[in-house]
Amino acid sequence: MTPPQEHTLAQSGSNRIGLGIVEFIIIIALMTASISMGIDSMLPALPNIGQSLNVANPNDTQLVIGVYFLGFGICQLFFGSLSDTYGRRSILLGGLAFYTVTLFAAAWSGNLFALLALRFAQGVGAAAVRITTLAIVRDCFGGREMARVMSYVMIVFMIMPMVAPFVGQVIVAYSNWQWIFILIGIVSAGLFLVAFFRMKETLPTEERLPLSVASVVSGFKTVLTNRITCGYMIGLTLYTGVICAYIVSVQQVFGEVYGLGDTFPIAFAATAAGTAVAQFANGYFVRSFGMRRISHAAMIVFTVLGAVGYVVGMFGQPSFTFIYVLISIMLMMFAVITTNFMAISLEPMGHLAGTAAAITSSVSTTVGVLLGGIVGQLFDGTAQPMIAGFTIFGALTIVATLWAERGKLFTHPGDTPALEPGMGHV
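Residue numbering for the sequence shown is 595 to 1020, as defined by the numbering used here.
FYI, nobody ran anything at the bench for these hints, they're computed from the structure. Even glycine gets a Cβ: it sits at the ideal position worked out from N, Cα and C. Possibly wrong hints are sitting among the right ones.
Stated by the list, open to error - Computed beta-carbon distance windows for the label pairs:
#: 1; residue 1: Ile923; residue 2: Thr857; range: 16 to 22 Å
#: 2; residue 1: Met908; residue 2: Pro804; range: 55 to 61 Å
#: 3; residue 1: Leu803; residue 2: Arg1000; range: 30 to 36 Å
#: 4; residue 1: Tyr746; residue 2: Glu801; range: 23 to 29 Å
#: 5; residue 1: Glu801; residue 2: Phe874; range: 30 to 36 Å
Taking the hints into account, I'd like the entire structure generated from these sequences.
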(Lines of atoms letter the chains of each structure in order from A and count residues from 1; the text may use other names and numbers.)
(Lines give C-alpha, C1' and ligand atoms only; values in the text may rest on other atoms or scores of the structure.)
Protein backbone atom coordinates (compact mmCIF):
# COMPACT_ATOMS: atom_id res chain seq x y z
CA MET A 1 0.00 0.00 0.00
CA THR A 2 1.34 3.42 -1.00
CA PRO A 3 1.86 5.74 1.98
CA PRO A 4 -0.44 8.81 1.83
CA GLN A 5 2.51 11.22 1.61
CA GLU A 6 4.01 9.40 -1.37
CA HIS A 7 0.58 9.24 -3.04
CA THR A 8 0.17 13.01 -2.60
CA LEU A 9 3.60 13.70 -4.07
CA ALA A 10 2.92 11.45 -7.02
CA GLN A 11 -0.31 13.27 -7.72
CA SER A 12 1.03 16.81 -7.39
CA GLY A 13 1.94 19.18 -10.19
CA SER A 14 0.96 18.58 -13.80
CA ASN A 15 1.36 14.82 -13.17
CA ARG A 16 -2.00 14.98 -11.44
CA ILE A 17 -3.65 15.63 -14.78
CA GLY A 18 -1.37 13.32 -16.76
CA LEU A 19 0.44 16.04 -18.71
CA GLY A 20 3.96 17.44 -18.90
CA ILE A 21 4.34 20.95 -17.50
CA VAL A 22 4.80 22.59 -20.93
CA GLU A 23 1.81 20.80 -22.45
CA PHE A 24 -0.25 21.63 -19.36
CA ILE A 25 0.50 25.36 -19.60
CA ILE A 26 -0.16 25.47 -23.35
CA ILE A 27 -3.53 23.70 -23.08
CA ILE A 28 -4.75 25.80 -20.12
CA ALA A 29 -3.55 28.99 -21.82
CA LEU A 30 -5.31 28.15 -25.10
CA MET A 31 -8.56 27.38 -23.28
CA THR A 32 -8.38 30.68 -21.43
CA ALA A 33 -7.48 32.53 -24.63
CA SER A 34 -10.46 31.04 -26.49
CA ILE A 35 -12.75 32.90 -24.08
CA SER A 36 -11.05 36.22 -24.83
CA MET A 37 -11.12 35.40 -28.54
CA GLY A 38 -14.91 35.21 -28.35
CA ILE A 39 -14.97 38.87 -27.28
CA ASP A 40 -12.13 40.73 -28.98
CA SER A 41 -12.40 39.16 -32.44
CA MET A 42 -15.97 40.46 -32.69
CA LEU A 43 -15.10 44.16 -32.33
CA PRO A 44 -14.17 44.89 -35.99
CA ALA A 45 -17.25 42.95 -37.15
CA LEU A 46 -19.89 44.89 -35.21
CA PRO A 47 -20.76 47.31 -38.08
CA ASN A 48 -21.00 44.36 -40.51
CA ILE A 49 -23.25 42.46 -38.12
CA GLY A 50 -25.51 45.50 -37.75
CA GLN A 51 -25.83 45.91 -41.52
CA SER A 52 -26.30 42.19 -42.19
CA LEU A 53 -29.04 41.79 -39.58
CA ASN A 54 -30.70 45.14 -40.41
CA VAL A 55 -30.19 46.60 -36.93
CA ALA A 56 -31.84 50.03 -36.86
CA ASN A 57 -29.93 51.47 -33.90
CA PRO A 58 -26.13 51.04 -34.23
CA ASN A 59 -25.81 51.09 -30.44
CA ASP A 60 -27.75 47.82 -30.29
CA THR A 61 -24.84 45.93 -31.87
CA GLN A 62 -22.91 46.60 -28.63
CA LEU A 63 -25.15 43.95 -27.06
CA VAL A 64 -23.27 41.30 -29.06
CA ILE A 65 -20.42 41.93 -26.59
CA GLY A 66 -22.51 42.81 -23.54
CA VAL A 67 -24.72 39.72 -23.37
CA TYR A 68 -21.64 37.46 -23.69
CA PHE A 69 -20.19 39.16 -20.61
CA LEU A 70 -23.53 38.83 -18.83
CA GLY A 71 -23.78 35.08 -19.34
CA PHE A 72 -20.13 34.76 -18.35
CA GLY A 73 -20.62 36.70 -15.13
CA ILE A 74 -23.87 35.16 -13.91
CA CYS A 75 -22.76 31.54 -14.25
CA GLN A 76 -19.25 31.61 -12.75
CA LEU A 77 -20.47 30.93 -9.22
CA PHE A 78 -22.80 28.20 -10.48
CA PHE A 79 -20.05 26.27 -12.26
CA GLY A 80 -17.62 26.74 -9.39
CA SER A 81 -19.97 24.89 -7.05
CA LEU A 82 -20.73 22.19 -9.63
CA SER A 83 -17.03 21.52 -10.29
CA ASP A 84 -16.40 21.14 -6.54
CA THR A 85 -19.17 18.52 -6.39
CA TYR A 86 -18.90 16.62 -9.68
CA GLY A 87 -15.24 17.15 -10.57
CA ARG A 88 -13.43 19.41 -13.01
CA ARG A 89 -13.26 17.20 -16.11
CA SER A 90 -16.97 16.65 -16.67
CA ILE A 91 -17.83 20.34 -16.21
CA LEU A 92 -14.94 21.39 -18.46
CA LEU A 93 -15.95 18.98 -21.24
CA GLY A 94 -19.58 20.01 -20.96
CA GLY A 95 -18.63 23.69 -21.09
CA LEU A 96 -16.38 23.23 -24.13
CA ALA A 97 -19.05 21.20 -25.94
CA PHE A 98 -21.76 23.77 -25.20
CA TYR A 99 -19.45 26.65 -26.20
CA THR A 100 -18.61 24.91 -29.49
CA VAL A 101 -22.23 24.16 -30.44
CA THR A 102 -23.41 27.70 -29.69
CA LEU A 103 -20.52 29.17 -31.70
CA PHE A 104 -21.46 27.20 -34.80
CA ALA A 105 -25.15 27.96 -34.27
CA ALA A 106 -24.41 31.70 -34.10
CA ALA A 107 -23.02 31.59 -37.65
CA TRP A 108 -26.54 30.82 -38.89
CA SER A 109 -28.36 33.49 -36.87
CA GLY A 110 -31.02 35.20 -38.96
CA ASN A 111 -31.75 38.13 -36.67
CA LEU A 112 -30.24 40.09 -33.79
CA PHE A 113 -32.41 38.47 -31.11
CA ALA A 114 -31.29 34.95 -32.08
CA LEU A 115 -27.65 36.06 -32.18
CA LEU A 116 -27.91 37.68 -28.74
CA ALA A 117 -29.50 34.56 -27.24
CA LEU A 118 -26.65 32.47 -28.61
CA ARG A 119 -24.07 34.99 -27.40
CA PHE A 120 -25.50 34.74 -23.88
CA ALA A 121 -25.26 30.95 -24.19
CA GLN A 122 -21.63 31.28 -25.33
CA GLY A 123 -20.93 33.29 -22.18
CA VAL A 124 -22.40 30.45 -20.12
CA GLY A 125 -20.09 27.92 -21.80
CA ALA A 126 -17.13 30.27 -21.42
CA ALA A 127 -17.85 30.59 -17.68
CA ALA A 128 -17.64 26.81 -17.29
CA VAL A 129 -14.30 26.72 -19.11
CA ARG A 130 -12.87 29.68 -17.18
CA ILE A 131 -13.82 28.43 -13.71
CA THR A 132 -12.74 24.83 -14.27
CA THR A 133 -9.36 25.76 -15.79
CA LEU A 134 -8.60 27.96 -12.77
CA ALA A 135 -9.70 25.16 -10.45
CA ILE A 136 -7.50 22.66 -12.31
CA VAL A 137 -4.47 24.91 -11.82
CA ARG A 138 -5.30 25.18 -8.10
CA ASP A 139 -5.69 21.38 -7.88
CA CYS A 140 -2.29 20.77 -9.46
CA PHE A 141 -0.18 23.54 -7.98
CA GLY A 142 0.10 25.68 -4.90
CA GLY A 143 2.01 28.70 -3.66
CA ARG A 144 4.78 30.00 -5.88
CA GLU A 145 4.41 27.19 -8.41
CA MET A 146 0.78 28.14 -8.97
CA ALA A 147 1.81 31.79 -9.39
CA ARG A 148 4.48 30.77 -11.91
CA VAL A 149 2.06 28.69 -13.98
CA MET A 150 -0.62 31.39 -13.90
CA SER A 151 1.96 33.97 -15.00
CA TYR A 152 2.68 31.96 -18.14
CA VAL A 153 -1.03 31.44 -18.75
CA MET A 154 -1.75 35.17 -18.31
CA ILE A 155 0.94 36.08 -20.86
CA VAL A 156 -1.07 34.24 -23.53
CA PHE A 157 -4.31 35.74 -22.19
CA MET A 158 -2.90 39.28 -22.46
CA ILE A 159 -1.57 38.68 -25.96
CA MET A 160 -5.03 37.67 -27.21
CA PRO A 161 -6.54 41.22 -27.21
CA MET A 162 -3.62 42.25 -29.41
CA VAL A 163 -4.17 39.44 -31.92
CA ALA A 164 -7.93 38.74 -31.95
CA PRO A 165 -9.08 42.06 -33.53
CA PHE A 166 -6.66 41.49 -36.41
CA VAL A 167 -8.18 38.05 -36.97
CA GLY A 168 -11.67 39.55 -37.00
CA GLN A 169 -10.56 42.35 -39.31
CA VAL A 170 -9.03 39.94 -41.82
CA ILE A 171 -12.13 37.73 -41.83
CA VAL A 172 -14.59 40.58 -42.45
CA ALA A 173 -12.27 42.03 -45.10
CA TYR A 174 -12.21 38.83 -47.18
CA SER A 175 -15.39 37.02 -46.12
CA ASN A 176 -18.42 37.58 -43.86
CA TRP A 177 -18.69 37.91 -40.08
CA GLN A 178 -20.18 34.43 -39.68
CA TRP A 179 -16.75 32.92 -40.32
CA ILE A 180 -15.47 34.41 -37.06
CA PHE A 181 -17.85 32.14 -35.16
CA ILE A 182 -16.96 29.17 -37.36
CA LEU A 183 -13.23 29.71 -36.79
CA ILE A 184 -13.58 29.98 -33.01
CA GLY A 185 -15.92 26.98 -33.07
CA ILE A 186 -13.28 24.89 -34.84
CA VAL A 187 -10.68 25.93 -32.25
CA SER A 188 -13.09 25.12 -29.41
CA ALA A 189 -13.88 21.71 -30.92
CA GLY A 190 -10.16 20.99 -31.12
CA LEU A 191 -9.73 21.95 -27.47
CA PHE A 192 -12.62 19.63 -26.54
CA LEU A 193 -10.86 16.71 -28.23
CA VAL A 194 -7.59 17.56 -26.48
CA ALA A 195 -9.34 17.72 -23.11
CA PHE A 196 -11.23 14.47 -23.76
CA PHE A 197 -8.18 12.44 -24.75
CA ARG A 198 -5.37 14.11 -22.78
CA MET A 199 -6.73 15.51 -19.51
CA LYS A 200 -7.53 13.42 -16.45
CA GLU A 201 -9.74 14.38 -13.51
CA THR A 202 -7.79 16.49 -10.98
CA LEU A 203 -10.26 16.44 -8.08
CA PRO A 204 -10.40 13.00 -6.42
CA THR A 205 -13.79 11.80 -5.22
CA GLU A 206 -12.74 11.97 -1.57
CA GLU A 207 -11.89 15.70 -1.92
CA ARG A 208 -15.23 16.71 -3.43
CA LEU A 209 -17.76 18.83 -1.56
CA PRO A 210 -21.52 18.26 -1.35
CA LEU A 211 -23.63 20.67 -3.38
CA SER A 212 -25.20 23.02 -0.87
CA VAL A 213 -27.21 26.20 -1.27
CA ALA A 214 -26.49 26.96 2.38
CA SER A 215 -22.73 27.13 1.74
CA VAL A 216 -23.23 29.64 -1.08
CA VAL A 217 -25.59 31.75 1.04
CA SER A 218 -23.12 31.64 3.92
CA GLY A 219 -20.32 32.72 1.57
CA PHE A 220 -22.36 35.71 0.36
CA LYS A 221 -23.08 36.70 3.97
CA THR A 222 -19.39 36.55 4.86
CA VAL A 223 -18.37 38.64 1.84
CA LEU A 224 -21.07 41.27 2.33
CA THR A 225 -20.48 41.68 6.05
CA ASN A 226 -16.70 42.10 5.81
CA ARG A 227 -15.93 45.78 5.28
CA ILE A 228 -12.69 45.27 3.32
CA THR A 229 -13.96 42.48 1.08
CA CYS A 230 -17.28 44.18 0.34
CA GLY A 231 -15.76 47.63 -0.24
CA TYR A 232 -13.16 46.39 -2.66
CA MET A 233 -15.72 44.17 -4.40
CA ILE A 234 -17.73 47.34 -5.06
CA GLY A 235 -14.59 48.87 -6.55
CA LEU A 236 -14.00 45.81 -8.72
CA THR A 237 -17.61 46.00 -9.90
CA LEU A 238 -17.25 49.65 -10.91
CA TYR A 239 -14.00 48.97 -12.76
CA THR A 240 -15.58 46.02 -14.52
CA GLY A 241 -18.10 48.63 -15.67
CA VAL A 242 -15.14 50.66 -16.95
CA ILE A 243 -13.67 47.87 -19.08
CA CYS A 244 -17.10 46.79 -20.34
CA ALA A 245 -17.97 50.38 -21.31
CA TYR A 246 -14.65 50.58 -23.15
CA ILE A 247 -15.06 47.31 -25.03
CA VAL A 248 -18.64 47.95 -26.16
CA SER A 249 -17.89 51.58 -27.14
CA VAL A 250 -14.35 51.46 -28.50
CA GLN A 251 -15.27 50.43 -32.04
CA GLN A 252 -17.69 53.33 -32.35
CA VAL A 253 -15.35 55.86 -30.73
CA PHE A 254 -12.20 54.86 -32.61
CA GLY A 255 -13.86 53.64 -35.79
CA GLU A 256 -16.73 56.10 -36.28
CA VAL A 257 -15.85 59.25 -34.33
CA TYR A 258 -12.19 59.25 -35.37
CA GLY A 259 -12.49 57.20 -38.58
CA LEU A 260 -9.71 54.68 -37.96
CA GLY A 261 -11.30 52.06 -40.21
CA ASP A 262 -8.87 49.24 -40.98
CA THR A 263 -6.31 50.58 -38.50
CA PHE A 264 -8.68 50.07 -35.55
CA PRO A 265 -7.15 46.67 -34.59
CA ILE A 266 -3.71 48.30 -34.34
CA ALA A 267 -4.98 51.00 -31.98
CA PHE A 268 -6.86 48.45 -29.89
CA ALA A 269 -3.84 46.15 -29.70
CA ALA A 270 -1.62 49.00 -28.51
CA THR A 271 -3.93 49.79 -25.58
CA ALA A 272 -3.94 46.09 -24.68
CA ALA A 273 -0.14 46.09 -24.78
CA GLY A 274 -0.16 49.02 -22.36
CA THR A 275 -2.25 47.10 -19.84
CA ALA A 276 0.15 44.15 -20.13
CA VAL A 277 3.11 46.43 -19.40
CA ALA A 278 1.23 47.85 -16.39
CA GLN A 279 0.58 44.35 -15.07
CA PHE A 280 4.27 43.43 -15.27
CA ALA A 281 5.29 46.72 -13.65
CA ASN A 282 2.82 46.15 -10.83
CA GLY A 283 4.27 42.72 -10.19
CA TYR A 284 7.74 44.25 -9.95
CA PHE A 285 6.91 47.24 -7.70
CA VAL A 286 4.21 45.82 -5.42
CA ARG A 287 6.74 44.23 -3.05
CA SER A 288 8.38 47.60 -2.50
CA PHE A 289 5.36 49.89 -2.26
CA GLY A 290 2.45 47.61 -1.32
CA MET A 291 -0.89 46.91 -2.92
CA ARG A 292 -2.73 49.79 -1.29
CA ARG A 293 -0.27 52.55 -2.11
CA ILE A 294 -0.09 51.51 -5.76
CA SER A 295 -3.79 50.86 -6.34
CA HIS A 296 -5.01 53.90 -4.42
CA ALA A 297 -2.65 56.20 -6.30
CA ALA A 298 -3.72 54.64 -9.62
CA MET A 299 -7.38 55.06 -8.64
CA ILE A 300 -6.91 58.79 -8.03
CA VAL A 301 -4.88 59.28 -11.22
CA PHE A 302 -7.56 57.43 -13.21
CA THR A 303 -10.36 59.63 -11.86
CA VAL A 304 -8.46 62.91 -12.31
CA LEU A 305 -7.55 62.01 -15.90
CA GLY A 306 -11.18 61.16 -16.64
CA ALA A 307 -12.35 64.51 -15.25
CA VAL A 308 -9.74 66.37 -17.30
CA GLY A 309 -10.74 64.48 -20.45
CA TYR A 310 -14.42 65.26 -19.94
CA VAL A 311 -13.77 68.98 -19.35
CA VAL A 312 -11.62 69.19 -22.49
CA GLY A 313 -14.40 67.50 -24.46
CA MET A 314 -16.89 70.16 -23.33
CA PHE A 315 -15.07 72.70 -25.51
CA GLY A 316 -15.23 70.65 -28.70
CA GLN A 317 -14.10 67.30 -29.98
CA PRO A 318 -10.56 66.58 -28.75
CA SER A 319 -7.93 65.30 -31.15
CA PHE A 320 -7.54 61.57 -31.57
CA THR A 321 -4.04 61.75 -30.11
CA PHE A 322 -5.33 63.35 -26.92
CA ILE A 323 -8.18 60.86 -26.47
CA TYR A 324 -6.02 57.88 -27.35
CA VAL A 325 -3.21 58.76 -24.94
CA LEU A 326 -5.75 59.59 -22.22
CA ILE A 327 -7.61 56.27 -22.59
CA SER A 328 -4.38 54.27 -22.84
CA ILE A 329 -3.05 55.69 -19.57
CA MET A 330 -6.41 55.21 -17.85
CA LEU A 331 -6.51 51.57 -18.95
CA MET A 332 -3.00 51.06 -17.55
CA MET A 333 -4.29 52.40 -14.23
CA PHE A 334 -7.29 50.07 -14.57
CA ALA A 335 -5.00 47.04 -14.87
CA VAL A 336 -3.08 47.98 -11.73
CA ILE A 337 -6.23 48.77 -9.75
CA THR A 338 -8.13 45.57 -10.51
CA THR A 339 -5.16 43.26 -9.90
CA ASN A 340 -4.49 44.72 -6.45
CA PHE A 341 -8.14 45.19 -5.51
CA MET A 342 -8.83 41.48 -6.01
CA ALA A 343 -5.87 40.53 -3.81
CA ILE A 344 -6.86 43.04 -1.08
CA SER A 345 -10.48 41.90 -1.12
CA LEU A 346 -9.43 38.30 -0.42
CA GLU A 347 -7.00 39.14 2.40
CA PRO A 348 -9.55 38.76 5.21
CA MET A 349 -11.19 35.63 3.80
CA GLY A 350 -8.70 32.99 4.93
CA HIS A 351 -10.02 29.48 4.20
CA LEU A 352 -13.01 30.99 2.35
CA ALA A 353 -10.77 32.60 -0.27
CA GLY A 354 -11.94 30.24 -3.04
CA THR A 355 -15.63 30.82 -2.35
CA ALA A 356 -15.06 34.55 -1.87
CA ALA A 357 -13.16 34.77 -5.18
CA ALA A 358 -16.02 33.06 -7.04
CA ILE A 359 -18.63 35.32 -5.41
CA THR A 360 -16.58 38.48 -5.99
CA SER A 361 -15.87 37.60 -9.61
CA SER A 362 -19.49 36.67 -10.35
CA VAL A 363 -20.97 39.78 -8.72
CA SER A 364 -18.43 42.22 -10.14
CA THR A 365 -18.74 40.81 -13.66
CA THR A 366 -22.53 40.64 -13.73
CA VAL A 367 -23.24 44.06 -12.24
CA GLY A 368 -20.26 45.65 -13.98
CA VAL A 369 -21.52 44.47 -17.38
CA LEU A 370 -24.88 46.09 -16.73
CA LEU A 371 -23.22 49.36 -15.73
CA GLY A 372 -20.87 49.31 -18.72
CA GLY A 373 -23.76 48.45 -21.04
CA ILE A 374 -25.69 51.51 -19.86
CA VAL A 375 -22.69 53.71 -20.66
CA GLY A 376 -22.38 52.09 -24.08
CA GLN A 377 -26.03 52.78 -24.90
CA LEU A 378 -25.44 56.49 -24.20
CA PHE A 379 -23.05 56.78 -27.17
CA ASP A 380 -23.94 60.02 -28.97
CA GLY A 381 -21.29 60.34 -31.67
CA THR A 382 -18.60 61.57 -29.25
CA ALA A 383 -16.28 60.06 -26.67
CA GLN A 384 -17.95 62.08 -23.90
CA PRO A 385 -20.36 59.40 -22.53
CA MET A 386 -17.53 56.87 -22.23
CA ILE A 387 -15.17 59.33 -20.52
CA ALA A 388 -17.99 60.49 -18.21
CA GLY A 389 -18.70 56.87 -17.28
CA PHE A 390 -15.02 56.28 -16.53
CA THR A 391 -14.90 59.36 -14.29
CA ILE A 392 -18.08 58.56 -12.36
CA PHE A 393 -17.03 54.96 -11.78
CA GLY A 394 -13.60 56.15 -10.62
CA ALA A 395 -15.08 58.69 -8.20
CA LEU A 396 -17.52 56.14 -6.75
CA THR A 397 -14.64 53.70 -6.27
CA ILE A 398 -12.76 56.30 -4.23
CA VAL A 399 -15.84 56.63 -2.01
CA ALA A 400 -16.16 52.84 -1.65
CA THR A 401 -12.47 52.52 -0.83
CA LEU A 402 -12.64 55.26 1.80
CA TRP A 403 -15.57 53.41 3.37
CA ALA A 404 -13.70 50.10 3.30
CA GLU A 405 -10.56 51.63 4.82
CA ARG A 406 -12.44 53.75 7.38
CA GLY A 407 -11.38 57.01 5.78
CA LYS A 408 -7.70 56.23 5.20
CA LEU A 409 -6.07 55.76 1.80
CA PHE A 410 -2.63 54.35 0.94
CA THR A 411 -2.42 52.27 4.10
CA HIS A 412 -4.84 50.09 6.04
CA PRO A 413 -5.66 51.29 9.58
CA GLY A 414 -4.37 48.00 10.97
CA ASP A 415 -1.05 48.09 9.10
CA THR A 416 2.18 48.94 10.84
CA PRO A 417 4.17 51.79 9.26
CA ALA A 418 7.01 49.45 8.41
CA LEU A 419 5.06 46.65 6.81
CA GLU A 420 1.96 46.77 4.61
CA PRO A 421 0.36 43.58 3.27
CA GLY A 422 2.02 42.86 -0.04
CA MET A 423 5.34 44.45 0.95
CA GLY A 424 6.75 41.64 3.01
CA HIS A 425 5.43 38.13 3.38
CA VAL A 426 3.56 36.67 0.44
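Using the C-beta atoms of Ile923 and Thr857, is the stated range 16 to 22 Å upheld?
Holds, since Ile923 and Thr857 (Cβ atoms, about 20 Å apart) stay within the stated range.
Distance restraint evaluation - Leu803, Arg1000, Cβ atoms, bounds 30 to 36 Å: holds, 35 Å
task: Given the range 55 to 61 Å, decide if the beta-carbon distance of Met908 to Pro804 lies inside it.
output: holds, 57 Å
Exercise. Indicate whether the distance between the beta carbons of Glu801 and Phe874 respects the range 30 to 36 Å.
Key: holds, 34 Å
Do Tyr746 and Glu801 keep their Cβ atoms within the hinted range of 23 to 29 Å? holds, 25 Å
In terms of the numbered hints stated before, the structure departs from none.
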